[in-house]
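Asks: Add chain B to chain A, keeping to what the hints say.
There are 2 protein chains.
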Amino acid sequence: MRMSELSSTSGIAIATIKYYLREGLLPVGESTGVNQASYSHDHVRRLRLIRVLIDVGGISVVSARTVLDAVDDPEMSLSHVFGKAQHTVSQSDLYVRPPSESARRRVDALIARTGWRVTPENPGRIAAANVIDAFAAIGHPELSDLVEDYATAAELVARADLESVGKQPDVAAMAEVVVAGTVLGDAFFAALRRIAQEHVTAEKYVVYGPVSDAVDPRRSAARPLQE
Amino acid sequence: MRMSELSSTSGIAIATIKYYLREGLLPVGESTGVNQASYSHDHVRRLRLIRVLIDVGGISVVSARTVLDAVDDPEMSLSHVFGKAQHTVSQSDLYVRPPSESARRRVDALIARTGWRVTPENPGRIAAANVIDAFAAIGHPELSDLVEDYATAAELVARADLESVGKQPDVAAMAEVVVAGTVLGDAFFAALRRIAQEHVTAEKYVVYGPVSDAVDPRRSAARPLQE
Chain A
202 MRMSELSSTS
212 GIAIATIKYY
222 LREGLLPVGE
232 STGVNQASYS
242 HDHVRRLRLI
252 RVLIDVGGIS
262 VVSARTVLDA
272 VDDPEMSLSH
282 VFGKAQHTVS
292 QSDLYVRPPS
302 ESARRRVDAL
312 IARTGWRVTP
322 ENPGRIAAAN
332 VIDAFAAIGH
342 PELSDLVEDY
352 ATAAELVARA
362 DLESVGKQPD
372 VAAMAEVVVA
382 GTVLGDAFFA
392 ALRRIAQEHV
402 TAEKYVVYGP
412 VSDAVDPRRS
422 AARPLQE
Chain B
202 MRMSELSSTS
212 GIAIATIKYY
222 LREGLLPVGE
232 STGVNQASYS
242 HDHVRRLRLI
252 RVLIDVGGIS
262 VVSARTVLDA
272 VDDPEMSLSH
282 VFGKAQHTVS
292 QSDLYVRPPS
302 ESARRRVDAL
312 IARTGWRVTP
322 ENPGRIAAAN
332 VIDAFAAIGH
342 PELSDLVEDY
352 ATAAELVARA
362 DLESVGKQPD
372 VAAMAEVVVA
382 GTVLGDAFFA
392 ALRRIAQEHV
402 TAEKYVVYGP
412 VSDAVDPRRS
422 AARPLQE
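Residue numbers (this note's numbering), protein chains in the order written: chain A, 202 to 428; chain B, 202 to 428.
Extracted from the complex, chain A is given alone in its bound form:
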């Protein structure tokens, strides 16, 4: 297809597509003449992956290129694509700020207990420790105990993630799924957590009927503690 069709199919403006081509995020099309190139459905998919990385993952164009270079490099091991995706997508302050020694040790202890084999460079270590510090800072250090159930859930999700990677037909598709899954998986889980939280809140605190203004769940929320 021509550039104009690539734009209408993907829903991305021609100027933006040209920018991605210049920055090397999108492979050039097959040349069909002077200043003319033909694009395939692979270009449409790649454009959408770029938008996911930038819009959902919130990463920069430069970072998106780093990740996509890793996807496209057949010599890059799958673990490295994972590492690259994790490091690039995880750019919030939580992944950078040095956590306290005690929070670090808490994460180390969790890893030892679960038997997980993880390198010291894994970006999740620092972020998890920073969250533990944040719980303490807001006066709720007891929330760190959530780490146990969260870790169980995280391993369940990671196994599902890796299973979906393993089902891909080739290594290029695997690498693509690793990158997309890192970004979209976080968002997917956060969405489902919000749905499940509403259900569990209703189940736990509102004994009659659905959640409504008619009852005062905050008062009934206090009930289990008072009775």
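Simulated from the structure, these hints should not be mistaken for lab results.
Be aware that a few hints might be false.
Residues on chain B that point at chain A, a partial pick, calculated with CB under 10 Å [unchecked claim]:
id	residue
1	A354
2	E356
3	V379
4	A397
5	A403
Below, a sample of chain B positions facing chain A; criterion: calculated Cβ distance under 7 Å [as the list claims (entries may be wrong)]:
id	residue
6	Y220
7	L347
8	H400
All C-beta atoms in this analysis are idealised placements derived from N, C-alpha and C, irrespective of residue type, glycine included.
Replies: Chain B in isolation, oriented as in the chain A frame:
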């Protein structure tokens, strides 16, 4: 404590604290004279909660005020604090953009199957449906099947979340934990998912020794499919 000590204890600049006071995010201190007020440790904790909402949750000062007003309103039901926290923190495009009908139905079907009781307004419904659309857009509709294991994990996490809420000594602390947990819980899970992913990748694709450059996990990744 005086304003200067509140600043040094919390690590937040005096100008910023004054801004939060003006905007109503932070309750005023106890007046101790003309232009003098005394602040307590509750102010330190509240300041840190504000920073968590803004820095980790990425929400605006105005949105932070909406959430904190809900926390401080004793008439506000716990379900409503949850709803307010979820809606305010979930401001990415995924929570706004209208998803496809088929993706919506997929989420509805999940909710019916799990037996979750959820209102149509839950923000997670739209976000989950948008992620399903994004999987299809990048050419990987099969990733939507992740929803099953993700939902199981999400319910496990939601139960842990609500248990931590239930353990709070009073309704004010409950509301605070709901808000902090919404923001920090997302970050905590994402961090632990990254750690678990590295472990599962190593377990699944690298049969001998730790992940290293010496082996080519991408090639060994392809092996299970070829053998």
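Asks: Against this structure, judge whether each hint is valid.
Replies: Each hint, compared with the structure:
Evaluation of the B/A354 hint against chain A yields a held restraint, the C-beta minimum of about 4 Å falling below 10 Å. Interface restraint check: B/E356 against chain A, minimum CB-CB distance 5 Å, threshold 10 Å, status holds. A hinted interface residue such as B/V379 counts as satisfied when its beta carbon comes closer than 10 Å to some beta carbon of chain A; here the least separation is about 9 Å, so the hint holds. For the restraint placing B/A397 at the interface with chain A, the shortest Cβ-Cβ distance is roughly 4 Å, inside the 10 Å limit, so the hint holds.
Taking 10 Å as the C-beta cut-off, the interface hint given for B/A403 holds, the closest approach to chain A being about 5 Å. Hint status for B/Y220: violated, given a least beta-carbon distance of 20 Å to chain A, over 7 Å. With 7 Å as the threshold, the beta carbon of B/L347 comes within range of chain A, its nearest partner Cβ sitting at about 5 Å, so the hint holds. For B/H400, the shortest C-beta to C-beta distance to chain A is roughly 4 Å, which falls under 7 Å, so the interface hint holds.
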